[in-house]
Amino acid sequence: MNTKRWIALGAAAVLVVFSIGLNTVMSIFKTDFFSNFESLTATEETMIETVLEPGSMGERIALLSVDGTIQDVGSGTAFTAVEYDHQNFLGQLETILYDQSVQAVVLYVNSPGGGVIESAEIYEKLLEIKEQRNIPIYVSMGSYAASGGYYISAPADKIFAHKETITGSIGVIMQSYNFSELASNLGIEFETIKSGEHKDMFGGTRPTTEVEKAMVQEMINESYEEFVDVIEQGRGMSEADVKKVADGRIMGGSQALKAGFVDEIGGLEDTIASVRADFGLENAELFEYETSLGSLTSMFGMKIGSFFGPSPEQQFLTKLMSSNSGPRMMYLYGEY
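If you read the sequence shown in full-length UniProt numbering, its first letter stands for residue 1, the second for the next number, and so on.
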């Protein structure tokens, strides 16, 4: 057999192997294997406990953490990581509601706030724990615990903050892009057919009228008063005292202490030590919840994102175009 025949035979063999491999991969995608894998990595999350400080298992302290923007963006998978998993956190609170061994909760908050609804869901669940379990909840603020981050801290029995903690930003915000002038300069004309005069309000394709701004302001004011009520009840303050600083301003930890918004200056270790001493829990076990996906998922997701994630320019354009889906009321400080 000459050289050309050997080359041709080798090429044919490579094609056969490639074809078999490709068919195998496609068959995997056509079966439930991939679906089951996604289910395993996305929906079948099981909370496990990690003991941070050993002690009595009959009386335990749960360390919870809200780290990131409070929004319900779904759960992470082996391929994608999320900054904050809202449903998982609500699940942790639900577990504590029925775990009689948990005698205290320390909530670490490092968040600029987030959605009005998500913040309210956490707040209501914390109140449920206090009312049904009658156990203390202490809050330790991180770099920031602003707007919705303060909203979920308000029902705590004691709040600790660093001097450098950014907190406050009490209020509600709703924003939307108005790119009608930009579209006009580019020769883009929006054709809108609507059932009512205000159906496209805050859609970004035209300026908002004064009447429409008044409508939105009424909604904002209602949510703002709800926020103020939450602080009044949680901190035992009068409405007048709350509103002295509840104008959207941010405060450092020392300023918040003077305003009555926090109780002590200190970090997470101080918070844990305080709840132990205040409630005779010196020998209590300290633990935290983790998901079955663990830190490997987050690390892998971050690696994937670094290779395939959008550029800053693409992120801005995506945010600009997606804003047309409608604005939201937010308890949020910083970038919207």
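Among the clues, some could well be false.
Said to hold, decoys possible - Dumping the calculated SDA-like pairs for lysine to any residue here, alpha-carbon to alpha-carbon at most 25 Å:
hint	residue 1	residue 2
1	K244	S176
2	K258	V245
3	K158	P327
4	K130	G280
5	K158	K194
6	K163	R249
7	K163	T95
8	K243	L97
9	K244	G280
10	K125	E164
11	K244	L268
12	K243	T95
13	K158	M219
14	K243	S254
15	K158	G74
16	K158	I117
17	K213	K163
18	K194	M174
19	K125	L97
20	K158	G252
Claimed, not checked - Pairwise CB distance ranges (calculated):
hint	residue 1	residue 2	range
21	M57	D270	18 to 26 Å
22	G236	G187	55 to 63 Å
23	G236	I188	49 to 57 Å
24	S56	E218	25 to 33 Å
25	E269	S180	20 to 28 Å
26	I220	E290	31 to 39 Å
27	I193	I265	57 to 65 Å
28	A240	A183	40 to 48 Å
29	K244	I265	37 to 45 Å
30	E218	E239	33 to 41 Å
31	K163	G58	43 to 51 Å
32	R328	E269	33 to 41 Å
No wet-lab data here; the hints were simulated from the structure.
The beta carbon of each residue, even a glycine, is placed where N, CA and C say it ideally should be.
Results for each hint:
Between K244 and S176 the alpha-carbon distance is near 28 Å, which puts this suggested pair outside the 25 Å criterion. At most 25 Å may separate the alpha-carbon atoms for a hinted pair to count; K258 and V245 meet this at roughly 11 Å. Pair hint K158 plus P327 does not hold up; C-alpha atoms about 34 Å apart against a cutoff of 25 Å. Between K130 and G280, the direct Cα distance comes to roughly 18 Å. Compliance with the 25 Å bound is thereby established for this hinted pair.
As the CA atoms of K158 and K194 are separated by approximately 51 Å, the hinted pair breaks the 25 Å bound. Of the pairs offered as hints, the one joining K163 and R249 holds, with about 16 Å between alpha carbons and a cut-off of 25 Å not exceeded. Using a Cα cut-off of 25 Å, the hinted pair K163 and T95 is violated, with the two alpha carbons roughly 33 Å apart. Pair hint K243 plus L97 does not hold up; C-alpha atoms about 33 Å apart against a cutoff of 25 Å.
Taking the CA atoms of K244 and G280, the gap is near 36 Å; set against the 25 Å cutoff, the hint is violated. For a cut-off of 25 Å, the pair hint linking K125 to E164 is broken: about 29 Å separates their Cα positions. Our distance criterion of 25 Å between C-alpha atoms is broken by K244 and L268, whose separation comes to about 28 Å. The hinted pair formed by K243 and T95 fails the criterion: a straight-line CA distance of about 35 Å is larger than 25 Å.
Restraint check for K158 and M219: not satisfied, since their Cα atoms lie roughly 31 Å apart, outside the 25 Å limit. Pair hint K243 plus S254 holds up; C-alpha atoms about 18 Å apart against a cutoff of 25 Å. Distance hint between K158 and G74 is unfulfilled; the C-alpha atoms sit about 31 Å from each other, more than 25 Å. With a C-alpha separation of about 24 Å, the suggested pair K158 and I117 falls inside the 25 Å cut-off, and the hint holds.
At roughly 38 Å between alpha-carbon atoms, K213 and K163 are farther apart than 25 Å, so this suggested pair is violated. With a C-alpha separation of about 23 Å, the suggested pairing of K194 with M174 holds against the 25 Å cut-off. Between the alpha carbons of K125 and L97 the distance comes to roughly 9 Å, so the proposed pair stays at or under 25 Å and holds. Between K158 and G252, the direct Cα distance comes to roughly 17 Å. Compliance with the 25 Å bound is thereby established for this hinted pair.
At roughly 25 Å, the beta-carbon separation of M57 and D270 lies within the given 18 to 26 Å, and the hint holds. The given range of 55 to 63 Å is respected by G236 and G187, whose C-beta atoms sit roughly 59 Å from each other. Against the hinted window of 49 to 57 Å, the Cβ-Cβ separation of G236 and I188 comes to about 55 Å, which satisfies the hint. Separated by about 52 Å at the C-beta atoms, S56 and E218 break the suggested range of 25 to 33 Å.
For E269 and S180, the Cβ-Cβ distance of about 53 Å falls outside the hinted range of 20 to 28 Å, so the restraint is violated. Distance hint check: the CB atoms of I220 and E290 are about 38 Å apart, consistent with the given range 31 to 39 Å. Judged by the Cβ atoms, the range 57 to 65 Å given for I193 and I265 holds: they are separated by roughly 58 Å. Under the hint 40 to 48 Å, the C-beta atoms of A240 and A183, about 46 Å apart, fit the expected range.
For the pair K244 and I265, the beta carbons lie near 20 Å from each other, so the given range of 37 to 45 Å is not met. Roughly 19 Å separates the CB atoms of E218 and E239, a value that falls outside the hinted 33 to 41 Å. Checked against the given bound of 43 to 51 Å, the beta carbons of K163 and G58, roughly 37 Å apart, lie outside it. Restraint check, R328 to E269: a C-beta distance of roughly 36 Å satisfies the suggested window 33 to 41 Å.
Comparing the model with each numbered hint stated earlier shows that hints 1, 3, 5, 7, 8, 9, 10, 11, 12, 13, 15, 17, 24, 25, 29, 30 and 31 do not hold.
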